[in-house]
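Work the whole structure out from these sequences, hints included.
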Amino acid sequence: MVSIRLNNWKISSPSHDRKQPPTPAFQDRLSFVLYTIFCFMRGYLVLDLTRAYISSDPYFTDPRLSITSPLPSGGVDGLPAQFVRAMVTGAQAWALISQMFYLPCLLPVGLHALGLLADEWSPHLWPSYFGSPQAIFLHGVRGFWGKYWHQTMRWSVAGPGYAVADGLQLKVGGLVRYSLITVVAFGLSGTVHMGLVPPQPLHATVSANVIRLYVAGFFWTQPMAMLVETLGAKIMSCVTGLSLWRAGVGRLIRLLVNGVWVLMWFTLTMPLLSEAGKQMGYWRVWTVPFSIWQGLRREGWVAWPVLNG
1 MVSIRLNNWK ISSPSHDRKQ PPTPAFQDRL SFVLYTIFCF MRGYLVLDLT
51 RAYISSDPYF TDPRLSITSP LPSGGVDGLP AQFVRAMVTG AQAWALISQM
101 FYLPCLLPVG LHALGLLADE WSPHLWPSYF GSPQAIFLHG VRGFWGKYWH
151 QTMRWSVAGP GYAVADGLQL KVGGLVRYSL ITVVAFGLSG TVHMGLVPPQ
201 PLHATVSANV IRLYVAGFFW TQPMAMLVET LGAKIMSCVT GLSLWRAGVG
251 RLIRLLVNGV WVLMWFTLTM PLLSEAGKQM GYWRVWTVPF SIWQGLRREG
301 WVAWPVLNG
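Residue numbers (the UniProt record's numbering): 1 to 309.
Simulated from the structure, these hints should not be mistaken for lab results. Check the hints yourself; a few may be wrong.
Claimed, not checked - Derived DSSO-like pairs (lysine-lysine); straight-line CA-CA distance at most 30 Å: (1) K171 - K147; (2) K234 - K171; (3) K234 - K147.
What the hints assert, rightly or not - Listed next, with one range per pair, are the computed distances between beta-carbon atoms: (4) F38 - G309: 31 to 37 Å; (5) I235 - R64: 42 to 48 Å; (6) Q134 - K171: 25 to 31 Å; (7) S132 - G309: 40 to 46 Å; (8) C238 - L65: 43 to 49 Å; (9) S66 - Q27: 47 to 53 Å; (10) Q27 - V210: 37 to 43 Å.
For each residue, glycine too, the CB sits at the ideal point set by N, CA and C.
See the structure below:
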């Protein structure tokens with residue numbers, strides 16, 4: 001097991017080393033195990049409940065329906081259809097991806113407890129995979145991607161941008177340098193995520209390359225929001241100064257505006273992933289093997305027919 005995001009590793013690169021979060025994230029192995037159990041249960045419930053909604057909304061399985069088509073009757077009333085479906089897609093992605101980190105790490109943590117792994121290889125001594133949600137409200141889309149979301153691919157996709165910026169001797173902290181690094185990072189990230197699309201998706205009504213563009217397009221559009229935020233922050237700092245937005249009413253306004261803005265932005269861009277998932281048939285299968293939702297409704301606890309024998 002290795003820390004693929006170079007957690008707490010000093011690699012003599014100032015752009016990397018100065019951004020390493022404090023470590024360790026957990027007081028001891030027990031706190032790591034308890035947090036892992038909490039994350040698993042939280043993510044499992046979100047996957048189950050959002051999949052329950054998906055089963056009632058034909059948009060997620062009918063390629064002919066657009067994301068703005070009317071919501072099913074008796075469902076969520078008073079909210080725009082695109083907002084609801086984008087948030088359901090985002091919740092599924094967040095809950096699924098959050099399962100990929102802590103749960104598998106129980107193995108190396110257990111090996112560390114048995115004295116079979118050194119301290120530097122035990123994930124309970126690493127920083128947290130996800131940052132604080134507060135970063136989203138403080139910094140908007142930049143906070144989501146730069147501080148809250150997992151940083152597994154950060155160095156691998158941002159490194160080339162830093163190298164080019166250094167080669168061009170672009171000013172550190174300058175808008176041009178930031179723009180270049182951001183565009184390169186999300187450009188490479190979108191290209192890498194194209195690999196999630198199989199050569200011949202079973203339920204697709206468009207070609208695999210179109211679906212790949214849906215997936216990549218979600219990532220390729222993110223720098224636009226981040227650059228808008230950067231420009232907006234520079235303008236506001238010149239007009240009002242930064243101190244106004246750091247405390248009191250100004251801080252509350254900042255938190256509210258950023259929260260609404262992030263919801264609006266992902267309502268606009270998340271449908272690219274919704275469409276990709278629909279074309280690949282992802283929404284046709286219950287996300288978890290055992291459904292608490294179905295069980296409580298006396299529809300059977302087993303969600304995957306293959307497990308029924």
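Hint-by-hint comparison with the structure:
Between the alpha carbons of K171 and K147 the distance comes to roughly 23 Å, so the proposed pair stays at or under 30 Å and holds. Restraint check for K234 and K171: the C-alpha separation of about 16 Å stays at or below 30 Å, so the hint holds. Distance restraint check for K234 and K147: the Cα-Cα separation of roughly 20 Å lies within the 30 Å cut-off, and the hinted pair is therefore satisfied. At roughly 33 Å, the beta-carbon separation of F38 and G309 lies within the given 31 to 37 Å, and the hint holds.
Distance hint for I235 and R64: a CB-CB separation of about 44 Å, consistent with the stated range 42 to 48 Å. Checking the proposed 25 to 31 Å range against Q134 and K171 shows it holds: the Cβ atoms sit about 29 Å from each other. Distance hint check: the CB atoms of S132 and G309 are about 45 Å apart, consistent with the given range 40 to 46 Å. A C-beta distance of roughly 46 Å is found between C238 and L65, which places it inside the suggested range of 43 to 49 Å.
Restraint check, S66 to Q27: a C-beta distance of roughly 49 Å satisfies the suggested window 47 to 53 Å. For Q27 paired with V210, a C-beta distance near 49 Å fails the hint of 37 to 43 Å.
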